[in-house]
Amino acid sequence: MYAKLILRNVKRSAKDYLIYIVTLTICATLFYAFLSITSRYYKPDVGAEYDFTVLGDSMKLAVVSITLLLLFLIRYVNNYMLRHRQKEFAVQAVLGMEQRTIAWLFFAETFALGAVCVLAGIFLGVLCSQLITAMLLSEYGLTFRLSFMLFPDTVVLTVCFFTLSLLAAGLSNVHTLRRIKVIDMLYADRQNDPQLIKSRYMQAMTALHGIVLFIMVLAGISKLRFYFDPRFPLPVHIMFWGNLLAPALSLALLLLWLVGKAVFSRKNRQNFLWDFRTLLLVKMCLSLINACFSASVPRICARYQISFGSSVLGSDTGPNTYLMFLLADLIYLVFGVFYLAGEAICLWKEKRPAHTYRGQNLFFFGQITSRLTTTARTMTLICLTFMLSIFLFLAAPALTGWATGYLAIRALYDVQISTAYNNVYEEEDLPTGGYGSVSAFLEEHGIEPAADCTFHLYLPRREEFRNRIKWDFPVVAIALSDYNALRKMLGYTPISLGEKEFATQWQTIATEEERERFLAAHKTLETDAGVLTMASVPEHAPAVMESAPTNSRTFTGKDSTGPSSQAEGGRPGDPLYYTEALGETLYNRYTDVIYIFPDSVCGRLLPVMQNRYLQTKEPIAYDDALLLQEMFLEEYPEEPAGGEGTSYYLRTRTEQLNGTKATIFTTHAMMTYCGVILMVICLTILSLQQLLDASQYRYRFGVLRKMGVEEDAIGKLILKQLRIWFGLPVSVAVLMSSVLVFYFFTTIRDQIVAYIGPGALAAQVAVTALILSILLLCYFLSTWILFKKTVGD
Amino acid sequence: MKPVLQLDHIQKYYGNEDTLTQAIRDISFSVEEGEFLGIMGASGSGKTTLLNCISTIDTVSAGHIYLGSTDVTDLKPKQLARFRRENLGFIFQDFNLLDTLTLGENISLALTINNVPVHEIGPRVQEAAARLNIADLMDKYPYQVSGGQKQRCACARALVGNPKLLLADEPTGALDSHASQMLLSTLLGINETLHATILMVTHDAFCASYASRILFLKDGRILTELIKGSDSRRIFYEKILSVLTMSGGGQTNVC
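Sequences listed follow chains F and U, in order. Residue numbering for the first sequence follows the numbering used here, starting at -12 and increasing by one per position. Residue numbering for the second sequence follows the numbering used here, starting at 4 and increasing by one per position.
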């Protein structure tokens, strides 16, 4: 009998809780799909040079951690179902069924519904995992072949995870149902909206914001003390002082208000000055100003080349602290907006009777304010989660593009051996020899070199050898023949120089301003072999200089497109410099440039570093790469014994690609996964909030109908109401996340320009925004249709 | 007196050929302007169906309903809503107030959906509220007032638009005897002073005794008619009880 009841209820619930079913199925699908690539049985054909196990554990942990967020959603939806069915439970209780039995029946019902969703999710997950595999293989530059497989360990993990989640939510429902009074259940749907008493969460938020303001003031003072210089231009002055005074003013206001309230409010309770909402409004305005100052930090720092420090009170570089401050202000603003939204509508209603008493506006305002006052906190949390989700979606392509672009300029050679002389204090300890053991290893393992170049990097002046100050580290030089050999290895055309001339080669990350400043200051160069002059772009750039990588095995990134050297794009007479990616180990520490000297000059200079770059005919297998590294480290340690001596480094393309690509993929996949989960949570709650009180809405719209309001007008009212409920949190979240994303992109502007390209990033952001909009529209339409159906019933 | 409402052989069937239910078999009557008509009958006698048909919430299977010179049964669905809001006022057993609006706003809503100019709304709402003795409750929400006050608010909302016909469906059903008495006195007062035409459906003899004429329904037909005339309310009440007893309405209908 009970089994029949459960089955019938499940069937009926399937219709009522469509959104819950869809959401749970989507979650199970995503969970299975993302987890499947960490399965022991998942072995995509990525070739011998890749080891796939590096992905496994970190990703498994990340997927499970992110999915824990779903517990919140499952709990919310269960509460929704519980409220929806209370009357029915009450009738069962009145008829004599024990509350314990009712609770367990409900548990069995939700569990059965959940189980069906999870099974459907696993099935869909098998299909969806193909997409993830395609994403993975594209990351590794391989073509995708369709292959459906059910991984037993992933199935077990998915089933276990969701079983536990459903159990936890179900048991909590059982507990609630057993405690609730029958009378309360019976009249649950007749209860009026709770009285408009607000909890004190906004006061708590204001106190927390006060603490953040205090930290901001401290940070402002610290920055002013460590980094400020009166000679800075006016915008920098504004940035420094604004970031100190705005939070200080806000904090002072808060303290004054507290004191004032304690002293004066007893005498005059009605005074609006001591109303919390007045304080909140003023503080929100100040937070907005403060957010503008915080947001200006990366732009002004980049524009005026200001160091501003990343830690609150320390002296590191990078404006991460102000990202946190900006975030704190935005969160406070969002809380404030939703807290005061209801009040604002009430005020509008009061002040604008002509608008309020037009058509069905009165009814509409009532609909909005009644819910806003009771759901302000939920709406705020939805908005913030949505904001985070959008940020994750948009930051993911930037971060992965950065990492991929960086990989492109890093992993240029199959084997890169480099040295550093930071711990070498005597000239005789500088590296010599040709790394013969590496040649022997390659021969032994049947790895044939296609190109091989061992070369030195020289100090223009011997006296610079002792110069070890970080910001004044000497720029090293490379001999023209070595430089051309490297260009040849990477498929670029060789260059030529006059006898007493030099040119420069730049790292991709170097900014144009930096380059121009350097070139302007180094028209001539004093060396141990005499004075050299900077070479200029010739009248007619030879055809051979139209360089683009031709080597098919060269890992090409963004750098292979567009003009990459002054020889191509510069005007005749301009200083000659090159910006092709030749590997970051080519440069001395803390520098972004090297000189290219004629061979005859280099013969008379002090060689301080000895590098060797190798290209092989076939990619080095992952195991061989590890062995090579191990062998090399034994002979040439990275940390010299006793702390003195040359540091040697060996990097293989295999190991670099493996590690970085796995990290890139995990980061991208997890950020996307987290974004999707958060968005699904937000949209589901937004939908459910509307459908939750469908019976109330049905009643209200029913009253309107009886009073003679046309169906068209009711349809418009419904659409307007849903537009507000979806539109308000979504638009606030979009606005806030745009500020955040803009700040983030400004912070990593150099990396975007160097490794991704603003156009490519903009295209990715546009595509992501389009997908998100489609997802939002789908949820909106399904909620609208369900809502209309419910109200129409 | 000219008739405000006229029902001409109306019938209402539910279901299909196999399971046909005749809720209203053949009913004809008219309501004069300023009349307070009560409709009584046991459960299932068709009184609520009749009210739904008159209020245009439901359609008739046959026959005609005239409100003034308009044949309601000829109106298209789109015209019905407009007709309803311009000509009818409703009082329901469960008040049908919107809990999201204050009592004042609930009353205003009846005017705003009729696009009454804004400057007229305030005075008219105040006037209606004063007449129903709820003027000091205008800023309260429905959950903050008693059942009787809610029903008086519903009554004010129904009256504020000056409808041609006020329809009341068991208006005292959810009220205690004191609140019922107060509401009925108010309704009677409105009927007498404003000459409002009221059609009230009830199964309560006491409630019905406030009407000037009562139609008794049984199995979808008019069983009999009782006119108050110059009788006192107490005598009229006795007569109603007698009719109910004769018609087999049973003691359940007797308070």
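Read the hints as simulated data drawn from the structure, not as lab findings. Heads up, the beta-carbon is just placed ideally off N, CA and C, and yes, glycines get one too. Misleading hints may appear alongside valid ones.
Straight-line Cα separation of at most 30 angstroms, DSSO-like style, residue types lysine-lysine; simulated pairs [as the list claims (entries may be wrong)]:
#1 U:231 <-> U:242
#2 U:221 <-> F:703
#3 F:74 <-> F:336
#4 U:231 <-> F:703
#5 U:81 <-> F:776
#6 U:81 <-> F:693
#7 F:693 <-> F:604
#8 F:168 <-> U:242
#9 F:703 <-> U:79
#10 U:79 <-> U:143
#11 F:336 <-> F:475
#12 F:604 <-> F:703
#13 F:693 <-> U:242
#14 U:143 <-> F:74
The following residues of chain F were derived to be distant from chain U, with all beta-carbon distances above 10 angstroms [stated by the list, open to error]:
#15 328
#16 344
#17 349
#18 350
#19 354
#20 372
#21 412
#22 691
#23 693
#24 696
#25 722
According to the in silico footprint, chain F covers these stretches of chain U (three or more CB under 8 angstroms from chain F) [claimed, not checked]:
#26 208 to 216
#27 231 to 242
Structure-based check of each hint:
1. Distance restraint check for residue 231 (chain U) and residue 242 (chain U): the Cα-Cα separation of roughly 9 angstroms lies within the 30 angstroms cut-off, and the hinted pair is therefore satisfied.
2. With a C-alpha separation of about 42 angstroms, the suggested pair residue 221 (chain U) and residue 703 (chain F) falls outside the 30 angstroms cut-off, and the hint is violated.
3. As the CA atoms of residue 74 (chain F) and residue 336 (chain F) are separated by approximately 35 angstroms, the hinted pair breaks the 30 angstroms bound.
4. Distance restraint check for residue 231 (chain U) and residue 703 (chain F): the Cα-Cα separation of roughly 48 angstroms exceeds the 30 angstroms cut-off, and the hinted pair is therefore not satisfied.
5. The hinted pair formed by residue 81 (chain U) and residue 776 (chain F) meets the criterion: a straight-line CA distance of about 19 angstroms does not exceed 30 angstroms.
6. Proximity of residue 81 (chain U) to residue 693 (chain F) is assessed by CA-CA distance (about 13 angstroms); at most 30 angstroms being required, the pair is judged to hold.
7. Annotation: proposed proximity of residue 693 (chain F) to residue 604 (chain F) is violated, straight-line Cα distance about 83 angstroms (limit 30 angstroms).
8. Proximity of residue 168 (chain F) to residue 242 (chain U) is assessed by CA-CA distance (about 46 angstroms); at most 30 angstroms being required, the pair is judged violated.
9. Of the supplied pair hints, the one linking residue 703 (chain F) and residue 79 (chain U) holds, its CA atoms being roughly 20 angstroms apart against a limit of 30 angstroms.
10. Restraint check: the Cα-Cα separation between residue 79 (chain U) and residue 143 (chain U) comes to about 38 angstroms, which exceeds 30 angstroms; the hinted pair is violated.
11. Between residue 336 (chain F) and residue 475 (chain F) the CA atoms are separated by roughly 75 angstroms; this puts the pair beyond 30 angstroms, and the hint is violated.
12. Between residue 604 (chain F) and residue 703 (chain F), the direct Cα distance comes to roughly 69 angstroms. Violation of the 30 angstroms bound is thereby established for this hinted pair.
13. Simply put, residue 693 (chain F) and residue 242 (chain U) have alpha-carbon atoms about 34 angstroms apart, too far for the 30 angstroms limit, and the pair is violated.
14. Pair hint residue 143 (chain U) plus residue 74 (chain F) holds up; C-alpha atoms about 28 angstroms apart against a cutoff of 30 angstroms.
15. The beta carbon of residue 328 (chain F) sits about 15 angstroms from the closest Cβ of chain U, which is more than 10 angstroms, so the claim that it is off the interface holds.
16. Distance check on residue 344 (chain F): its Cβ comes as close as 5 angstroms (rounded) to a Cβ of chain U, failing to clear the 10 angstroms threshold; non-interface status is violated.
17. For residue 349 (chain F), the condition that its CB be more than 10 angstroms from all CB atoms of chain U is violated, with the nearest at approximately 5 angstroms.
18. Its closest Cβ contact with chain U, about 6 angstroms, brings residue 350 (chain F) to no more than 10 angstroms, contrary to its assignment away from the interface.
19. Residue placement check: residue 354 (chain F) does not keep its beta carbon more than 10 angstroms from all beta carbons of chain U (closest about 6 angstroms).
20. Separation of residue 372 (chain F) from chain U is adequate, the least Cβ-Cβ distance of about 27 angstroms exceeding the 10 angstroms criterion.
21. Distance to chain U confirms residue 412 (chain F) as a non-interface residue, since its nearest Cβ pair spans about 81 angstroms, more than 10 angstroms.
22. Residue placement check: residue 691 (chain F) does not keep its beta carbon more than 10 angstroms from all beta carbons of chain U (closest about 7 angstroms).
23. Distance to chain U contradicts residue 693 (chain F) as a non-interface residue, since its nearest Cβ pair spans about 6 angstroms, not more than 10 angstroms.
24. For residue 696 (chain F), the shortest C-beta to C-beta distance to chain U comes to about 5 angstroms, within the 10 angstroms cut-off, and the non-interface label is violated.
25. Consistency note on residue 722 (chain F): stated as away from chain U, and its beta-carbon is indeed over 10 angstroms from all of that chain's, at 28 angstroms minimum.
26. For the region 208 to 216 of chain U, the stated coverage by chain F is violated: 0 residues have a C-beta nearer than 8 angstroms to a C-beta of that chain, whereas at least 3 were required.
27. Counting residues of the region 231 to 242 of chain U whose C-beta sits closer than 8 angstroms to any C-beta of chain F gives 0, which falls short of three, so the coverage hint is violated.
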